[in-house]
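*Asks:* What the sequence shown shows, in the working numbering, is residues 1 to 533, in sequence order.
Possibly wrong hints are sitting among the right ones.
[To be verified] Pairwise CB distance ranges, derived in the manner of DEER restraints:
#: 1; residue 1: Tyr415; residue 2: Trp528; range: 22 to 30 Å
#: 2; residue 1: Lys68; residue 2: Lys283; range: 22 to 30 Å
#: 3; residue 1: Tyr410; residue 2: Asp151; range: 26 to 34 Å
#: 4; residue 1: Gly97; residue 2: Ala429; range: 41 to 49 Å
#: 5; residue 1: Asp151; residue 2: Asn37; range: 13 to 21 Å
#: 6; residue 1: Pro305; residue 2: Asn444; range: 39 to 47 Å
#: 7; residue 1: Asn409; residue 2: Ala429; range: 26 to 34 Å
#: 8; residue 1: Leu411; residue 2: Gly55; range: 54 to 62 Å
#: 9; residue 1: Ser395; residue 2: Lys147; range: 28 to 36 Å
Just so you know, these hints were derived from the structure itself, not from any lab. C-beta atoms are modelled at their ideal positions from N, C-alpha and C, and glycine is treated no differently.
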Amino acid sequence: MIDVLIIGSGGAGLTAALSAKDVGASVLVVGKAYPTNSQTSMAQGGMNAALSNAGDDTIDAHIADTIKSAHGLCDEKMVQTMCADAPHAVSWLESIGVPFSRVETEKPGIQTVAQRQMGGASAKRACYAQDYTGLKILHTLYDTCLKHDIDFLDEHYLLSLVVEEETVKGATFLEIRTGEMKQIDAKSVIVATGGYGGLYHNYTTNMTSASGDGIAAVLRAGGAVSDMEFVQFHPTALKSSSILISESARGEGGYLVNTKGERFIDELKPRDVVARAIFEQFKQGDEVFLDVRHLGEEKLMELLPQEVALCKLHENVDPATELIPIKPVAHYSMGGIDVNHALEVDGIKGCFAVGECSNAKVHGANRLGGNSLLEITAFGKRAGENAYKYASSASVKKASDTQLQQDINYLKNLYSKTPTENFYDKREALGKLFYEKVGIVRNNASLHEALEYIINTQEALGSMGIEDKSKTNNTNLTDFLEFANTMLLSSTIVSAAIARDESRGAHYKEDFTQIDDEKFKNHIVFQWQKERV
Numbered sequence: 001m002i003d004v005l006i007i008g009s010g011g012a013g014l015t016a017a018l019s020a021k022d023v024g025a026s027v028l029v030v031g032k033a034y035p036t037n038s039q040t041s042m043a044q045g046g047m048n049a050a051l052s053n054a055g056d057d058t059i060d061a062h063i064a065d066t067i068k069s070a071h072g073l074c075d076e077k078m079v080q081t082m083c084a085d086a087p088h089a090v091s092w093l094e095s096i097g098v099p100f101s102r103v104e105t106e107k108p109g110i111q112t113v114a115q116r117q118m119g120g121a122s123a124k125r126a127c128y129a130q131d132y133t134g135l136k137i138l139h140t141l142y143d144t145c146l147k148h149d150i151d152f153l154d155e156h157y158l159l160s161l162v163v164e165e166e167t168v169k170g171a172t173f174l175e176i177r178t179g180e181m182k183q184i185d186a187k188s189v190i191v192a193t194g195g196y197g198g199l200y201h202n203y204t205t206n207m208t209s210a211s212g213d214g215i216a217a218v219l220r221a222g223g224a225v226s227d228m229e230f231v232q233f234h235p236t237a238l239k240s241s242s243i244l245i246s247e248s249a250r251g252e253g254g255y256l257v258n259t260k261g262e263r264f265i266d267e268l269k270p271r272d273v274v275a276r277a278i279f280e281q282f283k284q285g286d287e288v289f290l291d292v293r294h295l296g297e298e299k300l301m302e303l304l305p306q307e308v309a310l311c312k313l314h315e316n317v318d319p320a321t322e323l324i325p326i327k328p329v330a331h332y333s334m335g336g337i338d339v340n341h342a343l344e345v346d347g348i349k350g351c352f353a354v355g356e357c358s359n360a361k362v363h364g365a366n367r368l369g370g371n372s373l374l375e376i377t378a379f380g381k382r383a384g385e386n387a388y389k390y391a392s393s394a395s396v397k398k399a400s401d402t403q404l405q406q407d408i409n410y411l412k413n414l415y416s417k418t419p420t421e422n423f424y425d426k427r428e429a430l431g432k433l434f435y436e437k438v439g440i441v442r443n444n445a446s447l448h449e450a451l452e453y454i455i456n457t458q459e460a461l462g463s464m465g466i467e468d469k470s471k472t473n474n475t476n477l478t479d480f481l482e483f484a485n486t487m488l489l490s491s492t493i494v495s496a497a498i499a500r501d502e503s504r505g506a507h508y509k510e511d512f513t514q515i516d517d518e519k520f521k522n523h524i525v526f527q528w529q530k531e532r533v
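Let the sequences and hints guide you as you build the complete structure.
*Replies:* So this is what it looks like as structure tokens:
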């Protein structure tokens, strides 16, 4: 039996795999796509660590900035752990070959790593590799996993966690290429499946497949989720395509201007503040643009080559000579699977969660730019170590195939029925609904409208299904399974947003514009058929 089964092959999952392997565990990484296609590759700007390579900085300042950005909803012990681990995480990444950009210095090691400013930070703290930071970290992690002979199963879609007596025993999967279903038994499981930003379909920097599969599986299996109402909107996505333009463009000196050419906000304030400022410009009838022309073509190509290419490809704009039309869109899920200090899931023994799918309570109400790559690395290592520690004394008795048979029957039913409603239309409508009514600025009337739509759509799920009855490589099937997961999670997001009658970080409610610590300095937690605050 496998010691550590890791579900998800992005940066968090790969780091956990290397960590578990390093302490002696047998490891299997299972992902629904290929590792190099994960959302980690979209993290462009940098990874925070207080190295003082570009001016004075301290770990205490990093901690303070993170706590401030979280607006009172973080676990300060977890924040301290993450920020204190940051220099070690950068050193480890450098040791396995991540090609960070460099500064000219005679100092050794990570003291040569280049750092830039990010929004909400009190120092130039983000370690970067041009504007491909996440991509280069991800590729290096994958290469290192291959060198260490870590086993992978790609194109395997997570169906369910196998849980007996509130203890995880493995998971069930659909092999996308063949259409076969299988159960993989394990002594411990790490869920590293990413966030739920894909729910905001067409209004997100995330890929469509960022559908919260692992979060939904944990919820169905009896685990807890928390802070689901907190969704970060990135201020600068391309207007036409929602493709991310990294915060590093503003960190390097880019301006935000309206139709009149006026700057209207300090571009390096936290993301929630900047996104709302842009939203106000839209309400006044203005468009908003990112202006990096003054940086010059040479600097743009040295520091931001990906942003230049994306603007030319998706917006037909040359940033060296033209304004970049932008809009804020959904970017990051602060909420997710509720975990303790060991990153073990609340409600399921032996199951751990890390990365964007996990709520380790370091981001609170608003994530600080540059902390996501740090979290997946610092906490990925902890998750791998803690999962193996649990596995070392776990039972080797295999689980029954009850869950697998339930999943087989569910898919048989999907193949046998003829749908009368098109779920793709519902997916489009849900994305627009969430952007407009569960977006940057919210109010209770709109949230209740959204909840009513969700309830009606959930009731209609039985009349939806798949038109393509082929067994192999059936993307119609995986699209539907993803849609069903987003429908499950959407009700938790909106219900929590309705319950939180205040404004805090990324959750801004125009009928309750102030923070209310007396009533709401806490986490809204959901479990199956149970809600608690």
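*Asks:* Take the hints in turn and mark each one as holding or not.
*Replies:* Hints, one by one, checked against the model:
{"no.": "1", "hint": "Tyr415 with Trp528: 22 to 30 Å", "result": "27 Å, holds"}
{"no.": "2", "hint": "Lys68 with Lys283: 22 to 30 Å", "result": "27 Å, holds"}
{"no.": "3", "hint": "Tyr410 with Asp151: 26 to 34 Å", "result": "28 Å, holds"}
{"no.": "4", "hint": "Gly97 with Ala429: 41 to 49 Å", "result": "45 Å, holds"}
{"no.": "5", "hint": "Asp151 with Asn37: 13 to 21 Å", "result": "18 Å, holds"}
{"no.": "6", "hint": "Pro305 with Asn444: 39 to 47 Å", "result": "45 Å, holds"}
{"no.": "7", "hint": "Asn409 with Ala429: 26 to 34 Å", "result": "29 Å, holds"}
{"no.": "8", "hint": "Leu411 with Gly55: 54 to 62 Å", "result": "56 Å, holds"}
{"no.": "9", "hint": "Ser395 with Lys147: 28 to 36 Å", "result": "32 Å, holds"}
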